[in-house]
Amino acid sequence: MEKKIFKYNDSLDNSHEIEISEQEFEFVQKDSKIHDVKLKGKPTTFFKDSMKRFVKNKSSLAGGIILGVLVLISCIVPWAIPSTGAYDVYQYHTSSNFEGISGESLIVPKLFPRGTGFWDGTVSKSNIIFNQETGLPVGYSNPNTIFDLVTRDTYSDVTSQYGTGGYILLTGRNSSETGNLYENPYTYYSYKYDFDFSNDFTLDYSFILPTDNEMNYLQNPEYRISLMYRGENNEMLLYPLTGDYNGSESIEQGTADGFVKLEDEEVKTININEKIKQYGIEKLDSASILIDLKRSSDEDNINAILIKNLHISSTNEEVNAEISKRNIVDGNNCLIQPQKISPNGISRVDNPAYWAVTANTQVAGRDIKITYCDFRFDQYEDLYGEKEITLNYFNINTYQNNGWLEYNAGKASTDKAELASRLTVFSDKCPIVEIIEQVGDATYNPTTGTVSGYSLKCVVSQYKLRGYDNTPIFIFGTDSNGRDFFKLIFTGLILSLALGIGVSAVNIIIGLVWGSISGYFGGWTDIVMERLCDIIGGMPSIAVITLALIYMDSDVIAFMIALFMTGWMGVSARTRTQFYRFKGREYVLASRTLGAKDGRLIFRHILPNSLGTIITSSILLVPSVISSEASIAYLGLGLQNQILFGVILSENRNQFVGDTIYLLIIPTVIFALLLISFNLFGNGLRDAFNPSLKGEE
Amino acid sequence: MWKYVVKRLILVFFTAFIVLSITFLLYKSLPLDIPLAAGNEGIMSYLDTQVRLGYVIRSTERLEGFGDPLTGKGFQAGSITVYYYLRPIMEQWASWIKNIFTAFDWGVSSQLYPNQSAMGIILNRLPVTVEINIYSLIISLPLGILFGIIAALNKGKVIDNVLNVLVMIVLAVPSFITILYAILIFSYQLGWLPDRFDTGGEIVGANAYLRYIIPVFSLALGTIAGFTRFVRAELCEVMSSDYLLLARTKGLTKRQSIIRHALRNSMVPVVPMIIAEFLSILSGSMILENLYNIRGVGGLYMQAYNSRDWNLLLANTAFYTIIGLTASILVDLSYGFIDPRIRMGAKK
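Residue numbers (numbering that gives the first Met the number 0), protein chains in the order written: chain A, 0 to 696; chain B, 0 to 347.
Among the clues, some could well be false.
List time: in silico PhoX-like cross-link candidates among lysine-lysine, alpha-carbon distance up to 20 Å [unchecked claim]:
#1 A:428 to A:410
#2 B:253 to B:156
#3 B:6 to B:72
#4 A:3 to A:55
#5 A:51 to A:41
#6 A:456 to A:410
#7 A:57 to B:154
#8 A:55 to B:156
#9 A:57 to B:156
Everything labelled a hint here was simulated from the structure, so no lab data went into it.
On a predicted model such as this, the values are computed, not experimentally measured, just so you know.
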């Protein structure tokens, strides 16, 4: 049989050859009727097709998913979190009902357990003066709240630079302990060293006159070292250790003048006990050495002495170890300087090692160690951990009424065991952890049966006190009004979205009706309606909002009216275009020929055809409402204190620095995310629903 | 063509007229704002200006039919007592129209700068706004067009996608967030730039120049993004047109065809956009001026609102309305003038 060779190119431009005989060739559909055969492929609707195209667009899909997640969170969060304490976003929690317990404002965000260093509810604090005595930074009292503590020593003269407040630790450079400061009746200060004189002591000392460039105001220094007796309430000069004691034999303080002019660097050794024995005293248990400086005869000149070296030693080993801490050894210089009469710049605090120095003080010490520290401060532990406070009797009564505890108040006591026996706790909700003391005796009122008049100093668990079941965790922290920022943001978001959707829906409806009428009827109707649009649209939107705010009492209503005034115009213009496009089509003509009225033509035939396109391209109206809301609040026109997302954004616009910067960053990031995903989603939806882009890849 | 221009101009004129009249009537229906803090003399001089402008009647005796005298009392002018009465609102409106057309007088400020010409105040504030906006335009125009061209010529490639995403982000995120972050990063975290434009005092040293950076660039960012998107869309459309294919078939290289045909034609719709952008310079950015403490036109509006200075607010609204409408008409007309096809159609 004769075979022929056929050549053809396939779609990929590869050439093929087929060898076939004429008998083998046969028409597939010859004589068959295919018009009544059911289509094998599934029919698709416009909507399904659009969704298919939408899903293909990856970025739009991602935008849609992010948007969906945000909306979902904002739908769940406001209802899922119970409204206790700071979670109640409609209340401010800037103060608490309890004395000594602060409000819940500006708590930093916490997501991870403390110590991770990031998002863990801790604040980094630096350059805080460290209190050697308590082992805590000055101004902080709860050791549980402090961690990652790093201290560092700085040396400085105590001048007004640090003299603006706070505590300054006066200490030797090489020792953590210091000689006590002594304030003597002559109104100047100097170092004081306490001794137990049951052992033998020697005192080596060397003084140096500060050179002019060190302390240029020092002139004619005179010094005196005296042995003082410490009594219960007074101190008396026992023996002048320096110079000639050329006064009377009286040991009355202030009558002797043992001041010595300091010529140059001077080294002396004194055996204190020998001196005492010279004086005829056999044994002294408690005494101190006072280093005094004499004020110059010229009132304006201030004398000072730099103690270069002060060494005190004892024959007793143990005592020696103790007092050697108080030595001023080389490099451990201390400037002793008398103050002018009435040292009002300096005030003593309880522990003489610490001074509260206020401004305008003269240099009171030189080369003094000031310890600063850096640490992380746990705000949650501070605000929700255990704390010692005083609970009033009516708090206790409330707890008793709640059935949380039973407390038999009576006589005031500081005996913890006795107080504990009076307390019976029934509930986990009871905030009292431990009673320290009862302040004031209770009064029993037999007619009402109430006990009153006392208060309890006790350790309480603060989170229970504030009404929480557990220590709360604020993922986004709290704002300056003490509201949980996470819940606040998403409550604001859902309200803003609701407002946006509501306003957009109304605007779309108005725009559809307006645009339909304008586009369908055309002619004069169209011209008049278009001119009206021109006029309303010609008014700057800010002017519309301003006027609405001036005329309306409620700024939310004014805001909505302003949005209704101009918001529908875009939709109307789009609808009008669509109507111009469709109204001349054959199916409209057919329907009209069959007697359909205008209303039917508009709402049954033309509008449904263009509705999808119009609505999808109007979806960006929703975020624009949130944007305008933020703009209004930003400009300070109105909407203050409303729980709306844009308003929350604007409330925190000035949180540029410090620990509260999260208040600026979190809402702006969410807003940017929302708008970007809205745009991606909206554009994708618009493209997917646009019939003219169908089939275009 | 001219018929079209004249028709459009008349329409815009009437739109402006109606919009401004409505605004005027709405502001004048509010209780008359009088600078009460200025004392009797200040109030009198203000009211005398209102008399001159034709909003208020001055009378030496109490009049019937005009309601209570303004501020509820008479004023001593030398030996006589004068009373001020508000004219009926439509009479005020007629005086207002007359003042504008005969003297270009838009009234005086009542609270913020009592008795100063409102338009004068606005024009006083204009230089700073215009300065900042011109700088930003000078930066953003070439950059925007350049990025647009780059994106269009590399359509579908990585650089196009990156530019598209950036443009989308910049356009989606409102300007106040951009400004906030610029201030946060460059002023507070890095400390390179001042955190406000106007400090209230003399600005010396580098700050006199550095303070322009944040406002200029935050304004430029949006414009750059807008131009990039627009130019890209136009150029893409032109690139796929038949005449460009023809140019290539004639034997022109790709470079030649793009420079001689595609670019020139794609710039046609860009020009009206530039014109509109130039005009909108005048209105300034209210948010930017508020956030960065710039004493420009945008900030003035807020000041006027916060001090309840309706007269100034009215003049400001008029200023914005006229700019907006002029921009829209200029754009429409420039399309006609620039696009040769429309010009040809008009000649027939």
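Comparing the hints with the structure gives:
1. For the hint linking residue 428 (chain A) to residue 410 (chain A), the alpha-carbon distance of about 26 Å lies beyond 20 Å, and the restraint is violated.
2. As the CA atoms of residue 253 (chain B) and residue 156 (chain B) are separated by approximately 17 Å, the hinted pair is consistent with the 20 Å bound.
3. Proposed proximity of residue 6 (chain B) and residue 72 (chain B) is contradicted: the alpha carbons are some 51 Å apart, above 20 Å.
4. Straight-line distance between C-alpha atoms of residue 3 (chain A) and residue 55 (chain A) comes to about 46 Å, which puts the hinted pair past the 20 Å bound.
5. For the hint pairing residue 51 (chain A) with residue 41 (chain A), the CA-to-CA distance comes to about 14 Å; that is within 20 Å, so the pair holds.
6. Between residue 456 (chain A) and residue 410 (chain A) the CA atoms are separated by roughly 14 Å; this keeps the pair inside 20 Å, and the hint holds.
7. Restraint check for residue 57 (chain A) and residue 154 (chain B): satisfied, since their Cα atoms lie roughly 18 Å apart, inside the 20 Å limit.
8. This hinted pair checks out: residue 55 (chain A) and residue 156 (chain B) have alpha carbons roughly 18 Å apart, not beyond 20 Å.
9. For the hint pairing residue 57 (chain A) with residue 156 (chain B), the CA-to-CA distance comes to about 16 Å; that is within 20 Å, so the pair holds.
Violation of the numbered hints given earlier is confined to hints 1, 3 and 4; the remaining hints are satisfied by the structure.
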